[in-house]
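Below, each chain spelled out in residue letters.
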Amino acid sequence: MQLVCPAGNLPALRAAVDAGANAVYAGFRDQTNARAFPGLNFDEAELRAGIAYAHARSCQVYLALNTYPETARLPAWRAAVDHAAELGCDAIIAAEMAVLEHAMREHPKLARHLSVQGSATTAPALRYMHERFGISRAVLPRVLSLQQVERLCAVSPVPLEVFAFGSLCIMVEGRCQLSSYVTGASPNRHGVCSPARFVRWEEHADGQRGVRLNGLLMDRYQPGEPAAYPTVCKGRFEVGGEVFHALEEPTSLNTLALLPQLARAGVAALKIEGRQRGVAYVSAVTRTWREAIDRHRADPAAWSPRDDWQQALAAHAEGHQTTLGPYHRAWH
Amino acid sequence: MKLSLGPLQYFWPRERTLAFYREAATWPLDVIYLGETVCSKRRELGTRDWIALAEELAGEGREVVLSSLALVEAESELNAVLRMLDHGGFLIEANDLTTVQLCRERGLPFVAGPTLNVYNHRALAMLAEDGMRRWVPGVEQGEQLLADLLAACRAEGAIPPELEVIAWGRLPLSYSARCFTARALDVAKDACGFRCIEHPDGLPLATREGEPFLRINGIQVQGEETTDLGPELPALRALGVDILRLYPQTEGMRDVVAHFDLARRSPQPPPRRGAVNGYWRGQPGKPGLPAG
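Note that the protein sequences, when read in sequence, are chains A and B.
With numbering that gives the first Met the number 0 as the guide, the letters of the first sequence map in order to residues 0 to 331.
With numbering that gives the first Met the number 0 as the guide, the letters of the second sequence map in order to residues 0 to 291.
Keep in mind that a hint or two might mislead.
Claimed, not checked - Covered, in the sense of this in silico footprint (three residues per stretch, anywhere, with C-beta under 8 Å from a C-beta of chain A), are these stretches of chain B:
| no. | region |
| --- | --- |
| 1 | 98-104 |
| 2 | 137-148 |
| 3 | 165-176 |
As the list claims (entries may be wrong) - Listed below are several chain A residues computed to face chain B (Cβ distance under 7 Å; list not exhaustive):
| no. | residue |
| --- | --- |
| 4 | M96 |
| 5 | T120 |
| 6 | Y127 |
| 7 | V171 |
| 8 | C175 |
| 9 | S179 |
| 10 | Y180 |
| 11 | T182 |
| 12 | N213 |
| 13 | R219 |
| 14 | E237 |
| 15 | V238 |
| 16 | V242 |
| 17 | A245 |
| 18 | P325 |
Hints were generated in silico from the structure; no laboratory data involved.
Just so you know, these numbers come straight off a predicted model, no measurement behind them.
A virtual CB, placed ideally from N, CA and C, is assigned to each residue, including glycine.
My request is simple: use the sequences and hints to build the entire structure.
Okay, structure coming up:
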């Protein structure tokens with residue numbers, strides 16, 4: 000199994016390569032990718048340097064072009080595909096049909112991976128993307144159970160990549176409009192979820208803190224209570240007279256314990272989420288997964304998730320909590 | 000301009016559902032969408048029941064479309080889609096690429112539903128090649144985006160498909176593998192007891208300040224407001240919208256249909272009855288929030 004790691008900037012890319020990633024994924028500094036955050040991503044010179052650094056160490060570079068351009072902005076996305084090909088990226092990760100079509104026609108040798116944003120959860124959906132756009136890999140949305148992943152591996156026309164670790168989108172990726180409902184800015188169109196410019200923290204006289212997204216209260220915290228970034232899905236709301244995390248707690252996906260099953264199922268690549276995270280995260284998480292994968296490959300029968308690996312991962316998890324997420328039936 | 004009744008997004012008891020559609024058959028609707036689009040565990044009406052109902056309504060001269068699931072995961076869900084296709088008698092609303100591909104493989108025409116991600120004219124053209132006959136844009140598509148897309152479509156010499164716009168109802172905003180109704184009621188999804196049947200208009204979710212915000216509907220999350228594009232009718236006409244989609248709710252649907260029926264035959268736009276749909280104006284979907 001390949002290990003595919005996040006590179007939000009050049010230092011993170013180098014950290015991932017040095018820690019043993021088989022591939023890193025990155026984005027341009029604009030809305031063509033789903034982590035269009037201020038201060039993140041690559042300009043041309045940085046990406047060129049990153050590709051050279053990675054290729055010199057036998058690591059691949061994938062470019063995320065996984066947002067959905069409207070008609071007026073389609074030329075910019077096509078130009079980004081051309082750019083990725085010129086710079087020598089090993090693959091693009093895309094979801095939108097016109098972007099994939101352009102890549103297939105103009106750069107047939109540039110590998111096309113279906114992004115998680117493409118919401119392909121079944122063999123027919125994967126067949127569609129394969130037949131239509133010649134994708135050579137697909138990243139599965141974080142909604143499938145382990146059993147469903149196993150079954151899909153057996154019938155998919157292309158190798159599959161699954162999320163192994165990182166922040167957990169609980170909605171079907173590419174199918175969530177909660178951010179744009181509140182802010183007008185969406186992951187699909189703008190590459191952002193609940194963007195920081197809409198976030199406002201307020202301190203109250205009694206020590207409580209509130210956090211608003213475009214004026215709407217997402218949560219309120221007692222003094223000393225750890226606070227989470229206010230994406231809509233991780234806020235606390237009132238349903239039926241009770242206040243709780245009605246959609247999801249701030250927690251991270253961690254599938255380390257499932258590594259043997261994922262390997263047995265024939266999963267081609269494990270993806271680490273977190274292009275918005277820093278060098279320390281990328282370095283520690285990549286190194287931990289590298290070691291876990293290598294140990295498993297060397298001796299699958301004797302493998303078990305080591306405590307020090309789990310501790311290293313938990314230390315970098317959102318809210319320091321981890322879950323098997325949708326892979327585990329009880330999560331649903 | 001035609002009127003359609005969108006697929007029932009909620010879970011109602013069998014008798015209530017059948018009674019609703021029996022009454023709907025007497026309303027001035029041109030198209031009725033039938034079928035479960037949210038959760039395959041909802042079986043007050045199974046796929047065969049929906050098909051039987053479709054045959055009944057079609058027999059009374061209505062155009063009937065069978066709507067399929069927005070999120071297809073399990074084999075049983077795939078089989079439910081296949082059963083609709085195998086019937087062969089009705090147009091299918093594809094709400095996922097799964098159904099698009101299954102229609103494409105069989106050479107069957109389909110309606111591209113609002114959960115397919117179509118944001119530009121090229122995506123639309125490719126779906127047309129696949130057999131799309133009608134397009135229901137997703138909730139994020141406002142007036143300007145649609146105008147740009149249709150203009151580009153025509154500039155390339157293509158005839159846009161029939162265009163159906165969500166004109167009335169709570170907007171479907173997201174889907175998950177998790178059931179939020181089960182979570183709110185503290186029951187496991189696998190033993191949910193089909194409790195969403197107790198919330199025939201969804202379960203209201205409010206902020207901690209008590210501001211109504213979302214509706215929980217099984218694995219789907221909707222906006223709280225019942226949106227209304229009625230006052231935008233002149234713009235909808237100018238865009239070339241063919242069909243206005245009205246989503247079923249427990250109360251007042253007969254009046255809603257009558258309201259839109261009158262509106263479509265009047266030169267003046269009707270008074271506002273529901274909430275503003277912010278997306279239509281290129282703003283946050285939830286009305287009343289600043290545009291950033």
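Worksheet item: Quick check: which numbered hints come out false for this structure?
Response: Hint check: nothing fails, all pass.
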